[in-house]
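Chemist: Add chain B to chain A, keeping to what the hints say.
Below are the chains, spelled out letter by letter.
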Amino acid sequence: MIDNLITALGAEFVQLSLTPIVIGTLAAIACALPGNFLLLRRQALIGDAISHVVLPGIVAAFLVTGTITAVPMMLGAGAAAIIAVVMIEIVKRLGRVEPGAAMGLVFTTLFAAGVLFLEITDTSSVHIDVQHALLGNLESLIWFDAEGWGSLLDPAALATLPPQLPRLAIVLVGIGLFIFLFWKELKISTFDAAFAGAIGIRTRALGFALVVATAVAAVAAFDAVGSIIVIAMFVCPPASARLMTNQLVRQVGWSVVFATISAILGYVLAGYGPGWFGSPYAVSAAGMIATVSGVILILTCLFGPQRKRTGQQAEA
Amino acid sequence: MGFGDYFISALFLQAGYNSALVAIGAGLLGLSAGSAGAFIFLRKRALVSDAISHATLPGVGLAFIVMVAFGSDGRWLPGLILGSAISSAIGLLMVEWITRKTRLTEDAAIGAVLSVFFGFGIVLLTVIQTMSSGRQAGLENFLLGSTAGMLISEATTIAVAGAMAAGFVFLLRRPMTLVAFDPEYAATTGVNVRNIDLAMMGLALIVTVIGLKIVGLILIVALLIIPPVAARFLSGYVGAVLSAAHAALPTGPIIVLVAFGFFMISALFSPLRGGLASALRHQRFQRRVHRRQGLLSLARREPIYDGLTIRILRRAGMIRADGVATARGRIAAEKAARDEARWAMARRMLPDDSTIERYDGLTPIERMMTPDQIAEIDRMIQNAQTTQGAKA
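Read top to bottom, the protein sequences are chains A and B.
If you want the numbering used here, it's the 1-based position in the first sequence plus 184.
If you want the numbering used here, it's the 1-based position in the second sequence plus 11.
Next comes chain A alone, as it looks inside the complex (with noise of 0.2 Å):
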């Protein structure tokens, strides 16, 4: 048994899987942190839209540059999600629409414009394809380099790690910098715009920017885990955060509790549980984290101890 769990952490564990998790765990948090303050604004599917939105982004600076590297991808797709952010709100004035219908009308037409700009453009010999933007490519994220957990001390090993795995940390720092240092206001602001207005908040700016860090998040972590693991996260671990605790501060640190065990479970059940029913086979690793994250909610929606709306409070 624990000669199993030796062999099952070492050089190989190391190599195959530890960059995946780190990866997948990065992407969750920096996507879960956001959901926080959208679920609260009933902006939830904000990022629903926005990872749908990516794809014609990404499409877009490859047609421009000609080139799959990362910089003019995220600036694409950067600029799609900004994009159909002003489209929404265009739409909504322009028909006087509800923002429900206004955001399924952007994203799924700028969903299928990228779709369309996919097939008939030659991108077929780059590995753009909507299977990998819808599903990422979690478990090709390996690290070749490593021969155990001693390389995690190698600087010539370490600069061999996939790219992603720097990109997604310094976005994380950025995301949870900005809930930081704005904590207060993105709080009063979404608890009480109209007060956190007349204290002098700028909630329209603010609104905005937390847009904005929705989209670095979307676009990170889309580059190395698809769009599945990116509505999920933005979704379902804040909501099943929402009903552990009335305190926001409790509710982002369950939030980001939740990612990681979402994203580290998902992983191991992808990659190892077909083994445990004699299957050789991997199953979809960031359709399992998404299901991880799905049961949790389930558990939480059946025994979270602040599930009910204040008001019918569950006898205690």
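Since the hints were derived computationally from the structure, they do not count as laboratory data.
A hint or two may mislead.
To be verified - Taking lysine-lysine and the DSBU-like style, the derived pairs with C-alpha atoms no more than 35 Å apart in a straight line are:
{"id": "1", "chain 1": "B", "residue 1": "112", "chain 2": "A", "residue 2": "492"}
{"id": "2", "chain 1": "A", "residue 1": "371", "chain 2": "B", "residue 2": "346"}
{"id": "3", "chain 1": "A", "residue 1": "276", "chain 2": "A", "residue 2": "371"}
{"id": "4", "chain 1": "A", "residue 1": "368", "chain 2": "B", "residue 2": "346"}
Because the structure is a prediction, the values reported are computed rather than measured.
Modeler: What follows is chain B alone, placed relative to chain A:
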């Protein structure tokens, strides 16, 4: 045959029996999607259909696995449709359950259900890929829709189901209209609002599962949302035709983009809310303001400098090229000045009157007040002038 020719022949259903059937099926699908979507849109639940459509994926996967386990091919469309209907119904009920039982809002429930069901569906798809009979299942086509290589039996299934959905909308149109516009009133007339709501969502579900093969589950929601905001059933038809004309392209995105094109047209040209109509309204208003201000300047014998004002007055024959008022212009100016004076007096006499609050600075007073009110106002103006004259 060029693309254009092919498009024309496909539009008139002459590009082969199969394309014709697919086009008719897509047209019927568009018809029922548009009309069902209209009710859902009016109930402000457009994005619930997004959860429904993503929730079809695990059903498709499970149906495939079950059918293979019973030794069949696994790609039998009615079976896949049944599976997707069951799993999206579960998804729909989950959204309802989360919203009702917990304090999470509907949008959070929608986001959670769509991402988790979709993720689980992807897990099942990877399982299927490893099954011996699953190598070429082609289930990925359900993501974005594809009519290439569609069997005639499948096209028939879609056409029949589309017709049934359209008939269902027709039967339920009255209670659904009532509930969509005024649920309280509908409840007092004995309509069961909750059941009708469920029926609406059931309709969205039917449209979704039929549309899976043609439009794909990611984009089917667009057909439920965009047409109600814009045009009606032509979009589905034209899109399928476009795609039939260019067989390599996935059907779904094209249909969605055509629908969006209709949205843009209606957003710009709709007579009531369209962008063009409001631009025209704005321009008309602007011209009236300029005309009025120009006439008032004439009455006060002030020179006019504003280019637009001069042009408007010139065209109406109120002033000559050198800026001097014509006879018509003098009469109109005098009338405008009198109107302005009457309004000013009316405001002083009746400061709280609702008629006066509605005054926009343009409407002639005759249109807002009765002749005896105006006579009263004129008398007051006369009095004011005589007292002023006496003081002087």
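Chemist: Take the hints in turn and mark each one as holding or not.
Modeler: Against the structure, the hints:
For the proposed pair residue 112 of chain B and residue 492 of chain A, the alpha carbon gap of about 7 Å is at most 35 Å, so the pair holds. Between residue 371 of chain A and residue 346 of chain B the alpha-carbon distance is near 59 Å, which puts this suggested pair outside the 35 Å criterion. With a C-alpha separation of about 26 Å, the suggested pairing of residue 276 of chain A with residue 371 of chain A holds against the 35 Å cut-off. The straight-line distance between the Cα atoms of residue 368 of chain A and residue 346 of chain B is roughly 61 Å, outside the 35 Å bound, and the hint therefore fails.
Checked against the numbered hints above, the structure violates hints 2, 4; every other hint is satisfied.
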